[in-house]
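These are the residues of each chain, in order.
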Amino acid sequence: MISISKLLCGLDAEGDGLRYDAAGESAKPQITDHKQRRPVVVWNLTKQCNLSCSHCYAAADTETADGELTTEEGKRVLDDLADYGVPVVLFSGGEPLVRDDLPELIEYADASGIRPVLSTNGTLITTEIARELREAGLKYAGISVDGLPERNDAFRGQDGAFDAAVRGIRACLDAGLKTGLRYTITERNAADLPAVVDLLHDEGVDRFCFYHLDYGGRGAGIVDADLSPEEKRAAVKQLCDLTRRYHDHGDEIETLLVGNYTDAAYLVEYARQHLSEANAERIDDYLRRNGGDPTGERVADIDYQGNVHLTQFWQNYSLGNVRDRPFSAIWDDDSNPLLEALRNREQRLSGRCADCQYQDICRGASRLRALSVHDDPFAPDPQCYLKEDEIVPTV
Amino acid sequence: MAEQSNWSRVGEQPRDAVDREWEVFIRNESRDPLQHVGSVSAPTIETARTQATTLFGRYATDLWLCPATDVRRYSRTTIDERAVSVDSEGERDERGHSA
Ligand code: SF4
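Protein sequences appear in the order of chains A and B.
For the working numbering, add 719 to where a residue sits in the first sequence, where the first one is 1.
For the working numbering, add 1158 to where a residue sits in the second sequence, where the first one is 1.
These are calculated hints, taken from the structure and not from any lab test.
Values in this document were obtained by computation on a predicted structure and should not be read as measured data.
The C-beta atom is built at its ideal place from N, Cα and C for all residues, glycine as well.
Watch out, some of these pointers could steer you wrong.
Unchecked claim - In silico negatives: residues of chain A with every beta carbon more than 10 angstroms from chain B:
no.	residue
1	792
2	795
3	848
4	853
5	883
6	889
7	995
8	1034
9	1071
Stated by the list, open to error - From the structure, some residues in chain B lie toward chain A, with a derived Cβ separation under 10 angstroms:
no.	residue
10	1160
11	1171
12	1186
13	1188
14	1192
15	1202
16	1212
17	1214
18	1217
19	1218
20	1220
21	1225
22	1228
23	1231
24	1243
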């Protein structure tokens, strides 16, 4: 996760302690000091969902699937995550709100010292539910909207999904719950991006999280719907410009990018071009502490059946199952050669990544996209949008 | 006999979040033990083999695949609420019937 607002506009937001080794510089309370040591864990609580989004990495279903971790099993998992020092659990799905025990699990995580956050399509959130979630200890709700109403509803497979999500956002904000947008950028919805930010900002949203498409789940079937690298670069530039414009007008929105660490390299280039060399160096320094693509290190996933994955998008390979072995033991097992190689990938990255001057702040970006397109987890990310002369600068 | 007590059979729960689940085992040197390195989800054995060799081929001279449903897993520490307790007379379900 890369914060555009932090890097380009200096916004000091809660959560930066997880992304950058900058706790000492922040005026706001930081989440934890385990930031680089333990992963943020995404827990896909259920496969069931009330929508049917075309890019869903969890390939969610309208029916409940067998083998979901029970409430008690979930609490044992949370015990292990807490003992291990996991700072944040992101409750996700499917749609996590279809599980009745969501508030109970949130409360348990919070009481165990784990920061509970939620990823939801927002359409099931009423004022009462929002209040219940906040009282349970939920710290943040990320609500997915993927375009202006017509486009969003087509994408999500349901008429009225946009309006329902906005109602959910309002309910969360009314309940005093920190709430933000989740937006997966594709070829179909990139054009809507500024208008969606404007519209939701008017609703009171001030945190906007943009996801690059990763090639897992149903997303794998829509590789063709991804932007070209050039279009992706233009979309990210548009977000940088938009963030600066808002901040120039005194609106301190928080904007974040997820899922393509080419963005880290691009932000340095952007700062060099639009701000100053000194700013570019400062940003480069921050990003170096951030450590690049987090796969296998700072992010992990547990699916609804307890299978542990490298990321929430990488669902067709599992490192192990929490019913067999605690998450902490699975994650600490460096004898798994793939896990070890991903953690020490510098010598293994090939092609343009091998000589890239930004390798230490990017680390080759998405290994899943490389695997999906090149059948090689150490090949270059097909969605690297840096220009050749930026990768190896001409002398 | 202490080694015979407190075992439960794990994993009667489905593991096929995406497709069928295949356990992957590898060995790199002939003197090494076979090592379990996780599982891949794939609809067929051919796809499972392709996925497993893509991920682990460079670290292995032997690679075994086994359908997860054909593996009986016994544990003394599982969190599986539906694990079946095992005693000297065999495996019993919640009603005490032999499994
Ligand atoms: S060439 Fe590789 S390391 Fe460099 S920015 Fe692109 S993806 Fe990242």
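Hint check results:
no. : hint : result
1   : 792  : violated (5 angstroms)
2   : 795  : violated (4 angstroms)
3   : 848  : holds (26 angstroms)
4   : 853  : holds (29 angstroms)
5   : 883  : holds (27 angstroms)
6   : 889  : holds (33 angstroms)
7   : 995  : holds (44 angstroms)
8   : 1034 : violated (5 angstroms)
9   : 1071 : holds (21 angstroms)
10  : 1160 : violated (22 angstroms)
11  : 1171 : holds (4 angstroms)
12  : 1186 : holds (8 angstroms)
13  : 1188 : violated (17 angstroms)
14  : 1192 : violated (12 angstroms)
15  : 1202 : violated (13 angstroms)
16  : 1212 : holds (5 angstroms)
17  : 1214 : holds (6 angstroms)
18  : 1217 : holds (4 angstroms)
19  : 1218 : holds (8 angstroms)
20  : 1220 : violated (13 angstroms)
21  : 1225 : violated (14 angstroms)
22  : 1228 : violated (15 angstroms)
23  : 1231 : holds (6 angstroms)
24  : 1243 : violated (15 angstroms)
Comparing the model with each earlier hint shows violations of hints 1, 2, 8, 10, 13, 14, 15, 20, 21, 22, 24; every other hint is respected.
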